[in-house]
Amino acid sequence: MLNNYKFNTTLMRILVYVVLVILVIITIIPLWLLLVNATRSTTEIQQGLSILPSTHLIDNYQILLSKGLNVSRGFSNSLFVALASTVVTVYFSLLTAYGIVVYEFKGKRFFSNFIVVLVMIPMQLTIIGFFQYMSRLGLTDNYASLILPLIANAGGVFFGKQYLESMVIQDLIDAARIDGASELKIFHSIMFPLAMPGAATMGIFAFVASWNNFFNAFILITSLDKYTLPMLVKTLRGDVYRTEYGAIYLGLALTVVPVIILYALFSRYIISGIAMGAVKE
Amino acid sequence: MKLTGINRNYYGYLFIMPFIIGFLAFGLYPIYNTLALSFTDYTLMSRDGSFIGLRNFEVLFEDQLFMKALGNTWLLWMLNFIPQIGAALLISAWFTNIRLRIKAVGVWRAIFYLPNLIIPAVVAALFNSLFAFYGPINQFMVRSGFMPEAMHFLQNAVVTRGIVVFIQWWMWFGQTIIIVMAGMTSIPVHLYEAAMVDGASSGQMFRRITLPLLKPILIYIFVTSLVGGMQMFDIPYLLTDGRGAPSNSIMTNNILMYMKFASSRGHIGAASAVGVLVFIMTTVCALGIFFFMRDRDESTFDKSIRKWFGRKNGNGNGKG
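As they're listed, the protein sequences go chains U and V.
When we follow the numbering used here, the leftmost residue of the first sequence carries the number 1, and every step to the right adds one.
When we follow the numbering used here, the leftmost residue of the second sequence carries the number 282, and every step to the right adds one.
No lab work stands behind these hints: they were computed from the structure.
These figures come from a predicted structure and were not determined experimentally.
Glycine included, C-beta positions come from ideal geometry on N, C-alpha and C.
Please note: incorrect hints may appear among the correct ones.
[Claimed, not checked] Selected chain U positions facing chain V (Cβ under 7 Å, derived; list incomplete): (1) 61; (2) 129; (3) 158; (4) 266; (5) 269; (6) 274.
Hey, can you work out the whole structure from these sequences and the hints?
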């Protein structure tokens, strides 16, 4: 009886591991093929599949450059927008969340519920009105139109509120008040350093969201020298690269590698951050 | 002391003020502006347009392409959401099963989440290359004898839809696992122990304990996925020609909106009308599901928790 039970558990365990391995293969293989093909010449790619890298990485990079794709500028554009977005999101979201968590004011409950509702509103669908408004203000083709709206980032506030609720120490705030610190100073010099782990997690998400954002940038940014990486990917799909498979794969791979490296370093924060954003509401 | 009370209130408003101003300027006004534009025949070429009432909406409702885009968006979303939540429930149940004791749960999870971090535009371009006529998938299928000859995957409506669904699933199932697992680990172990003593099978425990207590989280996943799905753009836009090819099979709401916006004259009035209709539809569905289901569930959640533990221990959290 007990042996049978043990046997079933072992069998089940084997089945689970088999399924997990299959899922890992499915998850990894498209990315692996991308990285491998970035090192293979177009002829090699046309001749057949390989899961081992080749030696044409530099050649592909030369082709990529010769077609006029400015990868490094795309990188620095994306990096600038993503960093600015991160700073704006983290600062203003924590500011707002701190206001909700620490103070008792009329309408506080309504405001918190309103934030939750905002998280569920499909804001991308108002992009046309946003675009026309920005063009009246002369802010189209300007990164400000991508960054300023993040002052009111409902998802960030929601996350910040969950985080601060678990860590705000009223005694510390009171002590600082007795020492004569202003409320804003308490936020800046006491709460902010304490909230750093949460701010870092929020920052990673804000960074990735901005780094991956194609739609808004695609509509709002028009001049080629301001293109971000996802927009450059669209030019890779153009006619110029029609037959340069190796170069296309390399162009795509260049955007993927930094993300994988960052993920390898910060995966723990990212994963606990996702769980934190969802649980408790 | 009374004075500090007043001060606190005042500062609360001060702290949330930037958000409110930001929201009014960059959230609410664009919503209003999109609605206002949808009643006009504005184009990008003409600096001004005139009020034409509901004409844009009438045109849309007669437009087969709009109906097709709506139907496609719902179809593509549902076809990826159901297997996504199914896989997440199954794998999370395995990961949290005390009897199976799966090793390196953190590593598996971390790998499954990786595709979510890749730029969606890159993912679309990558799958376009993988499924190209001379691409790796064809090479593999033909060489290994699964297919007699190479096929134009991206010219076949069913296959192309399947690829979009697969990509969406591939990019999101890892995240759903993380969230579902966080919910599962927040369920008090005592509940399962008590049920086991009463002789419940693992299937019964899953249906009677796990699923009901998980409902708030499932609703969260459902609503956020729906809102994202209704705005699907990057993947179907960059997978084929950006016009929903083949034969509009992956034309989505946002692609149609963009096509009207980017048409030769830039019909932003008509594009706004698409945005407004989908916005209303999505918001009504999302908020409806959220408030209707959540209220009922929170009471059952609280009740079942209280029944077992009283109020104090009821607030388990999944951050451990």
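Status of each hint after checking the structure:
For residue 61 of chain U, the interface hint is violated, since its Cβ never comes within 7 Å of a Cβ in chain V; the closest pair sits about 17 Å apart. Interface hint at residue 129 of chain U: satisfied, since its Cβ lies 3 Å from the closest Cβ of chain V, which is below the 7 Å cut-off. For the restraint placing residue 158 of chain U at the interface with chain V, the shortest Cβ-Cβ distance is roughly 11 Å, beyond the 7 Å limit, so the hint is violated. Annotation: residue 266 of chain U was flagged as interfacial toward chain V, and the flag is violated, the nearest CB pair being 10 Å apart, outside 7 Å.
Proximity of residue 269 of chain U to chain V is violated relative to the hint, the smallest CB-CB distance being about 11 Å (cut-off 7 Å). Among the interface hints, the one on residue 274 of chain U holds; its C-beta lies about 5 Å from the nearest C-beta in chain V, closer than the 7 Å criterion.
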